[in-house]
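Student: Kindly generate the complete structure, drawing on both the sequences and the hints.
Here is what each chain is made of, one letter per residue.
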Amino acid sequence: MVQQLPTSNKGGSSLLVQVQYDQVKEKCDLLSKDFDTGLESVEFCNKNISRFNLVGIEAILIRVICGLVLQNTVNYNIYKGQTNKCQNINVLTPDRRRLTFVMAGLLLSPTEKVFIVHGVQDDYRSDGRSNIDYRPMELETDVVSHASGSARLRLANTDVLVGVKTEIDIPSPDKPNEGKIEFFVDCSANATPEFEGRGGEQLALGISNLLQRAYHSSQALDLKQLCIFEGKQCWKLYVDILILECGGNLCDAVSLAVKAALFNTRIPFVKAALMDGGNVDLQLSDDPYDSKLLNVGSAPLLVTLCKIGDKCVVDPSAEEESCSVISVIVGITGIPNCYCDGGDSLEEKEGKFTTIDMSGPGSLAPKTLKNAVSQGIIAAKLLDKALAKALLRERQENVTLKKHSYGFLK
Amino acid sequence: MPGPDLLSSQGLRLDGRRPNELRRIRCKLGVFTQPDGSAYLEQGNTKVLAAVYGPHQAAKSKSLQDGVVVNCQYSMATFSTGERKNRPRGDRKSQEMSMHLRQALTAAIKTELYPRSQIDIYVEVLQADGGAYCACVNAATLALIDAGIPLRAYACACSASMAWRNGEPEPLVDVGHVEEAAGGVVLTVASLPSTGSIGLLEMSHRLHMDYFDVVMSRAMQGCRDIEVILDRAVREHLAEGWTKQDVITI
Amino acid sequence: MTSHVKIRLASERVNHSVRSNNELPRFYTPGEVITGMQDFMRGHGTYAEDDSLKASVAGVMQKVNKLICIRPLKSRYVGEIGDVVVGRVLEVQQRRWKVETNSRLDSVLQLSSVNLPGGELRRRSVEDEQMMRKHLQEGDLISAEVQSVFSDGSLSLHTRSLKYGKLGQGALIKVFPSLIKRRKNHFHHLPCGLSVIIGNNGYIWISPPEHNNLTEGSSKDEIENGESQSVSRSDRETMARVKNCIAALVASKLMLDDTSIMFAYEESLKYDDVKDLLDPEAMLDVAFLTEHRINNIMEE
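Protein chains in written order, with the numbering used here: chain A, 1 to 410; chain B, 1001 to 1250; chain C, 2001 to 2300.
Careful, some of the hints might be misleading.
Here chain A is said to cover these stretches of chain B; the calculated rule only asks that three of the stretch's residues, wherever they fall, bring their Cβ under 8 Å from a Cβ of chain A [unchecked claim]:
1. 1079–1092
2. 1123–1135
Using 27 Å as the maximum straight-line C-alpha spacing, the simulated BS3-like pairs for lysine-lysine come out as follows [as the list claims (entries may be wrong)]:
3. A:Lys175 <-> A:Lys236
4. C:Lys2184 <-> C:Lys2066
5. C:Lys2066 <-> B:Lys1110
6. C:Lys2006 <-> A:Lys389
7. C:Lys2184 <-> A:Lys385
8. B:Lys1093 <-> A:Lys292
9. A:Lys311 <-> C:Lys2006
10. C:Lys2184 <-> A:Lys352
11. A:Lys232 <-> B:Lys1085
Keep in mind that the hints were calculated from the coordinates and are not lab data.
Positions of the beta carbon are idealized from the N, C-alpha and C atoms, including for glycine.
Tutor: Dropping the structure here:
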């Protein structure tokens, strides 16, 4: 997240600096040297501290700051044994100007972090959940009437609204019998004032790229069902994600909402097609109910695993996210059997990996990574089953009762 | 008379309403927990979410000594319009709308009470079916009330247009998307109905000066009607959420 | 087996209101005329125009003799002298700290308003200025009392008492300031063993019971050990339960004080698994029963 900071000065002009979190993943040499021992303990001397603690700031800025702090008192924090990253440093420059950097994330006191980290070690988090529990979620589909499919997911404080629009497009030449899918994430300023204007763009780009990679494989979402005429016409799905409130664990909520919206998407039937000397003129059915649904059973779900201390937790709250140094995000395909009625009796297919991503300035030992990933697989399976049950139940309700839209009103 | 056919022979508009009928307004306050105040408003098929942060400490570059800084942002979701919109905000129309929103709301907020503070008002249009700006002003007013920010009065906005019936001008209130697209004149008024003062006035297309008063007074009447609806919603919200300690009479 | 993932539908949404709509007070909305007479004094939430007193926020009227105020449901914290607040240090400036207290302007904690380590009473020197960071840093939580209110509305805090100061291990919960009753005592030791600080600004701090009495004069090592000691499992469970109970009370907009928190805690004991209290139905259940008990006591 970008934060613009107030600076105090003792005479002289002030310098306003913008800090970008997660932008530059520079691994500090000191840190990677120690990760084998599992103890992320680091000791600093003045020169290196600026490099480690300023991880995430653009490279140009680092050189400037290094030049400034060479001979001056740098206030810093030393952490031994805990994987806390320094929340902020104060730098006194030669001409007594003070630059203050606050690393992004919620501001927490060191003792609060100690409490959270010990809780995770104990498998008992601050609200009573264990490391593999999710907070209660609420799901609703078909909330936006202009879109072909939509869904809204509320995960405690996190609120995500997804709309899917369909358009006719020409398939790419190397995949003539497949449709296309494109993701766009918008971080609304409703969530936090930092997202005003272009503030949320970094985060938004990160999530949309992650989704694009997760859905890239043909085993994730079969794009052949979007084909109309091989080589000539296909459907293109625009999946637009609007983040209304941020309460930790964005990626999971986004992926669940996207899958629910795709489940809800209706593609109009093509009634007739005229071949007009190479150009195809399509006639689509006007009846909104004369449409087909997509087969999204195997669409991937993202699971974020946050490493706090030595253990990994799923569904971190905002406070837990600011205690962790690194988190692993895995994309695992869903189980198609859950999504058809009566599919429980069929043999379950194993979920497959479609993407893996890491975010945060820290690093991970290979064994921890393996444990985290296997934890993620279990979590993804549970998520998928619960999502399938909820979606099928909602579809059942809409068939029997007339659809009553709740949206934000109730 | 030249002009689009906005009224049918039976006196019904393009979407079946009567000329002085507002679209159905449904709203809810306190939709989110993170912002200081939030509101959701539906005016017909136009759906708008508003969130208010503040008053909080203003950034040093922006703070004013004698009043609060009101900061607005108008943003439309990409799936809000029939044709997919590529950029939610940052284009000229959104910036103009943000400025207009700021103008209308600054007139209503008692700015002198909060020097060196800042109030952020963010509006997100989820579905645009005409009259998005009016719905935004109404939703923002509700969000400000939810946040407990002192207002001089409700700030309501309403649009009005004009059609011809039997050769006589007939003003239409609350213009929908179909009517906007048909090319009729659209006069948008943001006012404080209880005081009768006008915060913002905007018009598209052409209107003869002779008919300006008629359309204007219809729009003002629309604002007053909307204020009644919003007031009812606020009272319902208060009835649900008041706490026993509040009432003290000595 | 309690499932790890629960997804509910919007049609199953729970309405958290526990109010019985019998006697509703008179509400005022912005722009509404309260009274036309001139001999009333204007308080918060009102303004005078055209010879009459009008409301500027939506809420309930509070009338004390000739002073009329309108109290809104939700607002930022408005500080008064003597209030106990829990705040987070935002910045370390020259001779003072900037503290965030959920009010419209950041509060200020002067260097002269804190107790020096060792309990000395002397003028603050230049060394004290440079040791400020050792005492309180950005991100630290403190409990303090409002000493004075500046003319622009910002607060000046002080921690000149042993019960105030930096907070150790625990959990912070943020609620609306209007849900906090103004009481004589804001530091509570609940019967279940935890200490709770209910700040007037809506920040509630829950901390585990302190097993050894640490005073200002104890050595730095002892304090550090106390801060990094692991909290026991039973204490952690109690803290999680209390945290979820407070969330339940807040969702149903009930007033928060030590009695209501204790009632909610007792009502919630029937849910063995603390994480079950995160469900909306459980939250409504706990809030409803608490409201019931409070009403019964008030009627007696």
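Student: Can the restraint linking C:Lys2006 and A:Lys389 be considered satisfied, given a maximum Cα separation of 27 Å?
Tutor: At roughly 10 Å apart (the allowed maximum being 27 Å), A:Lys389 and C:Lys2006 satisfy the hint.
Student: Are C:Lys2066 and B:Lys1110 close enough, with their CA atoms no more than 27 Å apart?
Tutor: 23 Å, holds
Student: Apply the coverage criterion to the segment 1123–1135 of chain B and chain A: a residue qualifies when its Cβ sits closer than 8 Å to a Cβ of the chain, and three qualifying residues are needed.
Tutor: holds (count 3)
Student: Between A:Lys232 and B:Lys1085, does the CA-CA distance stay at or below 27 Å?
Tutor: Measuring from Cα to Cα gives roughly 25 Å; hence the hint holds.
Student: Keeping to a limit of 27 Å between CA atoms, is the pair of C:Lys2184 and A:Lys352 held or broken?
Tutor: 60 Å, violated
Student: Hey, C:Lys2184 versus C:Lys2066, does the alpha-carbon distance stay inside 27 Å?
Tutor: Holds: C:Lys2184 and C:Lys2066 sit about 25 Å apart, inside 27 Å.
Student: Between A:Lys175 and A:Lys236, does the CA-CA distance stay at or below 27 Å?
Tutor: Holds, at about 13 Å.
Student: Can you confirm whether the C-alpha distance between C:Lys2184 and A:Lys385 stays at or below 27 Å?
Tutor: Distance ~52 Å between C:Lys2184 and A:Lys385 Cα, so the pair is violated.
Student: B:Lys1093 and A:Lys292: Cα distance at most 27 Å?
Tutor: Given that 27 Å is the threshold and the Cα spacing comes to 36 Å, the pair is violated.
Student: Under 8 Å between beta-carbons, do enough residues of the segment 1079–1092 of chain B, three at least, approach chain A for the coverage claim to hold?
Tutor: holds (count 8)
Student: Check the hint pairing A:Lys311 with C:Lys2006 against an upper bound of 27 Å on the C-alpha distance.
Tutor: 23 Å, holds
In this structure, the hints that do not hold are numbers 7, 8, 10, in rising order.
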